[in-house]
Amino acid sequence: MEKRYEPYCRADPAFYDSPLTGLDDSGLDYAPAHRAVPGGWVRTVRADWVIYQPVAGELPGQGWKIHVSARMDEAAEILDKVAGYCLERELAFKFLRSPAVLHLNNAEHTAPGASGKFITVYPAAEAVLETALAELGRLLDGHRGPRILSDLRCGDSVLHVRYGGIAERRRVVEDGWSQPAVVAPDGTLVPDRREAAFTMPPWVTPPPFLGPHLESQGGAPGAALPYRIERVLHRTNAGGLYVASDPATGERLILKEARPHAGLDRHGADAVTRLEREREVLERLADLGVVPVLRDHLVAGEDHWLVMEPVTGEPLSEVFPTRYPLGGAEEGDLDGYALWATEICAEVEDAVMKVHMNGFVLGDLDMSAIYLRPGGGVTLIGFDAVRPAAEATGTGLASPGFGAPDGFVGFDVDRFALACLRFALFLPLTELFLLDRGKAAELAEVITDRFPVKEGFLRPAVRIVGGGAARSTPAMGTWQEMRASMAGAILASATPERDDRLFPGDVAQFDAGGLGFAHGAAGVLYALYVTGAGRAPEHERWLLDRALRGAAGGRPGFYDGMHGVAHTLAVLGHHEAALEVLDAAGDPSRAVGTDLYGGLAGIGLNQIYLGELDDAVETAGMMADRLPRQVPGVSGAAGPYAGLMYGASGPALLFVRLFERTGDVQWLDRAEEALRLDLARCVVQADGSLQVNEGCRTMPYLDRGSVGIAWVLGELLRYRADPELSAARHRLDRAARSHFYIQSGLFTGRAGILAYLCRDREGGWGIEDPEASRQLAALSWHALAYQGHLAFPGERLLRLSMDLATGTTGVLLAAGAALHGEPVGLPFLSGAMPANVLGRVSRTAPAAREADNG
1 MEKRYEPYCR
11 ADPAFYDSPL
21 TGLDDSGLDY
31 APAHRAVPGG
41 WVRTVRADWV
51 IYQPVAGELP
61 GQGWKIHVSA
71 RMDEAAEILD
81 KVAGYCLERE
91 LAFKFLRSPA
101 VLHLNNAEHT
111 APGASGKFIT
121 VYPAAEAVLE
131 TALAELGRLL
141 DGHRGPRILS
151 DLRCGDSVLH
161 VRYGGIAERR
171 RVVEDGWSQP
181 AVVAPDGTLV
191 PDRREAAFTM
201 PPWVTPPPFL
211 GPHLESQGGA
221 PGAALPYRIE
231 RVLHRTNAGG
241 LYVASDPATG
251 ERLILKEARP
261 HAGLDRHGAD
271 AVTRLERERE
281 VLERLADLGV
291 VPVLRDHLVA
301 GEDHWLVMEP
311 VTGEPLSEVF
321 PTRYPLGGAE
331 EGDLDGYALW
341 ATEICAEVED
351 AVMKVHMNGF
361 VLGDLDMSAI
371 YLRPGGGVTL
381 IGFDAVRPAA
391 EATGTGLASP
401 GFGAPDGFVG
411 FDVDRFALAC
421 LRFALFLPLT
431 ELFLLDRGKA
441 AELAEVITDR
451 FPVKEGFLRP
461 AVRIVGGGAA
471 RSTPAMGTWQ
481 EMRASMAGAI
491 LASATPERDD
501 RLFPGDVAQF
511 DAGGLGFAHG
521 AAGVLYALYV
531 TGAGRAPEHE
541 RWLLDRALRG
551 AAGGRPGFYD
561 GMHGVAHTLA
571 VLGHHEAALE
581 VLDAAGDPSR
591 AVGTDLYGGL
601 AGIGLNQIYL
611 GELDDAVETA
621 GMMADRLPRQ
631 VPGVSGAAGP
641 YAGLMYGASG
651 PALLFVRLFE
661 RTGDVQWLDR
671 AEEALRLDLA
681 RCVVQADGSL
691 QVNEGCRTMP
701 YLDRGSVGIA
711 WVLGELLRYR
721 ADPELSAARH
731 RLDRAARSHF
741 YIQSGLFTGR
751 AGILAYLCRD
761 REGGWGIEDP
771 EASRQLAALS
781 WHALAYQGHL
791 AFPGERLLRL
801 SMDLATGTTG
811 VLLAAGAALH
821 GEPVGLPFLS
831 GAMPANVLGR
841 VSRTAPAARE
851 ADNG
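Just so you know, UniProt numbering puts 593 at position 593 of the sequence shown, and the rest follows in order with no gaps.
Don't read these hints as lab results, they were simulated from the structure.
The structure displayed is predicted, hence computed values, not measured ones.
Every residue gets a Cβ at the ideal spot worked out from N, C-alpha and C, and that includes glycine.
Please note that a few of the clues may not be correct.
Said to hold, decoys possible - Derived DEER-like restraints, expressed as beta-carbon distance ranges:
| id | residue 1 | residue 2 | range |
| --- | --- | --- | --- |
| 1 | Arg144 | Ser589 | 47 to 57 Å |
| 2 | Glu314 | Asp186 | 43 to 53 Å |
| 3 | Val409 | Arg471 | 25 to 35 Å |
| 4 | Arg144 | Glu331 | 50 to 60 Å |
| 5 | Gln787 | Arg144 | 31 to 41 Å |
| 6 | His730 | Arg535 | 33 to 43 Å |
| 7 | Val190 | Gln666 | 48 to 58 Å |
| 8 | Glu126 | Asp186 | 18 to 28 Å |
As the list claims (entries may be wrong) - SDA-like mimics (lysine to any residue), calculated; alpha carbons at most 25 Å apart, straight line:
| id | residue 1 | residue 2 |
| --- | --- | --- |
| 9 | Lys354 | Gly377 |
| 10 | Lys81 | Leu139 |
| 11 | Lys81 | Leu28 |
| 12 | Lys81 | Arg153 |
| 13 | Lys354 | Ser472 |
| 14 | Lys354 | Pro315 |
| 15 | Lys354 | Glu283 |
| 16 | Lys81 | Pro32 |
| 17 | Lys454 | Glu283 |
| 18 | Lys81 | Val42 |
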């Protein structure tokens, strides 16, 4: 699982929400967050930080700063000492507001750039930095805290330093996300790197007093070990997992690292505590043949290490997708697979029973923790969460899809995971059990209907997972019933009293203020309207108010920024507001990427829609200059992704639409060049489908996969016959005919597949493609209930989502593409676009220029 989702699951059992939600009212903040502010100082609260700054004086935009780390049990005392020191010497500082936030910032899967940071002190000059380090060093002597990975540690203290941004500066990167930035000597913005090792910008010379710390800083992880690290397998805030060798013998080994005071679990135990527990278990179970062989345990520097023999075999997580018979356009051997899967379940259950007989509960079991040995049998790995049976409790998030919910204790925690394994090997949607345990009975029916499993195989799993929970998912029903039910769920979830979001969706909404087309209010209100589900004046006012307030300086892109918001306002008839939003958003060339999601392609398409054809031509020209003429190297296309939203297919769509408007054949040439960039990133699969190769996986989906490319390629082939491209489109199309998709969403799930299959449907005639009927029916596998209405989960399936890209709104739009009386779908993809919706003269048109000159 992408661990950045886990913190967003803590505040709300139904939706992803900011980890900070509710902290304002917790009453558990550190005292300086609320005590009286001394005269001459101002205190501000920004997200999880409390900032103290003298009224007099101004901080530099960037420079050296001090970071202080702390153990949870010493944090309040350290904060009191540092705050007193800074207030006395008029040094600006900030700190994490509460123990809950500090714990979150030092959890196992915290990003390296935030790991361990508790307090930041801002010296105004290098001389002040030198004095503060010396005096704070004496003041905090004896205190302990985790090493801050991105910084230079000062001796063995809790003090660290790094050069970086002080004023908030950000630069937009190719995939639409923004990142912290500093200003280079030439005035350009460059990344402010906050990584798992100390770095400085190349133009920065460290002051001499930092020399001893630079000389004494440790090298690469494991530099002091008597082993040679060869490869990193996995690295987190808690430590790392490495392939190594013994220099004396050449023997291959596995090393596991634990950092003291870091990588806290929900009980507050650090990585070293968990490593010691894992060592005890491996020693206790050494003769049972179901755990790795432990060779050594040592401390190097301050980190603790386990040395283990490599496990033979392959992880079940890698074997499963190669054998799963529903993963392609053609069904595989269902009988043979069912026999294999039931045998695997029996072997895993036998191994776990041996662990239980020794008094331990694994607490964190999923397919990646199960290795299949070549001669049969399994080895269990990954004992971070192992606990004595008397201490084991469910968390629901240990291994999403396998983690027992709250209320499970002792051996039942692992029994829940084993029950989930029986489901996951046949229908890997067990993350849904976090949202509705009643789904167990529904999924069991789907499995027994598709697979020849023996009677009774799933009965105990349903009993353990379901726990007697009744089914609550509304029936899919007719289109009118589905539409009313999904709209009911969406509207019931609205939070107009909040500023950061209106409709709960993906975690990405918290990076864009809840406004955007992909993850915010704009996309939801658009889909409700075009599918005939109605309008919500109160929610339109929410969007209008915040769009006009936040347009200046906001992202200009379509799916993540102001062009998408303006598009929705125009569709809803708020034409003046749409124009105001676009004018406030400023120059669209601020968009860094060429993509449809947040770059120039989406902006150009919206300019055509709004009647600014000359501007669209200018945007397309900028975009074409940024696209390469051929695929660079052997690794693939121009950017990190291929496909409709993030690859070259988005620019190709703009080029096709410009040809339709201008008749200029050069745009078809450029569309073909762009599409060939994306096709070069594709590989043929075993079922004959052509899918985007992302290295560790292949992608069939709408946003970064096959069907997005196929959709745009079909638009090109309307005007330019090409046997080679037609054959490629046929192979891409096979990716839309798989029997199983892990998610239900529009961008990266089954709803996007359905929307693609219905792209050419005539309005009013219902589903015409039999494959579309099958995909629509299979959406019921993901269906859940929210306040009695039909709803769908978001990315990773851990929480419900109502947004367009990942959740219920996207499913509504896709179902509308299949069933609504008029053709509906994503903007710009449904054939001819209306002209000059806003009746606005292009800013670059001759008439506009003459008026300006007059």
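Status of each hint after checking the structure:
At roughly 50 Å, the beta carbons of Arg144 and Ser589 sit within the given window of 47 to 57 Å. The given range of 43 to 53 Å is respected by Glu314 and Asp186, whose C-beta atoms sit roughly 50 Å from each other. Roughly 26 Å separates the CB atoms of Val409 and Arg471, a value that falls within the hinted 25 to 35 Å. Between Arg144 and Glu331 the beta carbons are some 58 Å apart, a value that agrees with the proposed interval 50 to 60 Å.
The beta-carbon spacing between Gln787 and Arg144, approximately 48 Å, falls outside the hinted interval of 31 to 41 Å. Between His730 and Arg535 the CB atoms are about 41 Å apart, so this pair conforms to the stated range of 33 to 43 Å. A hinted range of 48 to 58 Å for the beta carbons of Val190 and Gln666 is inconsistent with their spacing of about 35 Å. Between Glu126 and Asp186 the beta carbons are some 23 Å apart, a value that agrees with the proposed interval 18 to 28 Å.
For the hint linking Lys354 to Gly377, the alpha-carbon distance of about 13 Å falls within 25 Å, and the restraint holds. The straight-line distance between the Cα atoms of Lys81 and Leu139 is roughly 7 Å, inside the 25 Å bound, and the hint therefore holds. Straight-line distance between C-alpha atoms of Lys81 and Leu28 comes to about 19 Å, which keeps the hinted pair within the 25 Å bound. Our distance criterion of 25 Å between C-alpha atoms is met by Lys81 and Arg153, whose separation comes to about 19 Å.
Note on Lys354 and Ser472: the hinted pairing is violated, with a Cα-Cα distance of about 37 Å set against a maximum of 25 Å. Simply put, Lys354 and Pro315 have alpha-carbon atoms about 20 Å apart, close enough for the 25 Å limit, and the pair holds. Proximity of Lys354 to Glu283 is assessed by CA-CA distance (about 14 Å); at most 25 Å being required, the pair is judged to hold. For the hint pairing Lys81 with Pro32, the CA-to-CA distance comes to about 11 Å; that is within 25 Å, so the pair holds.
Only pairs whose Cα atoms come within 25 Å are accepted, and Lys454 paired with Glu283 is rejected, the gap being roughly 38 Å. Taking the CA atoms of Lys81 and Val42, the gap is about 19 Å. The hint holds against a cut of 25 Å.
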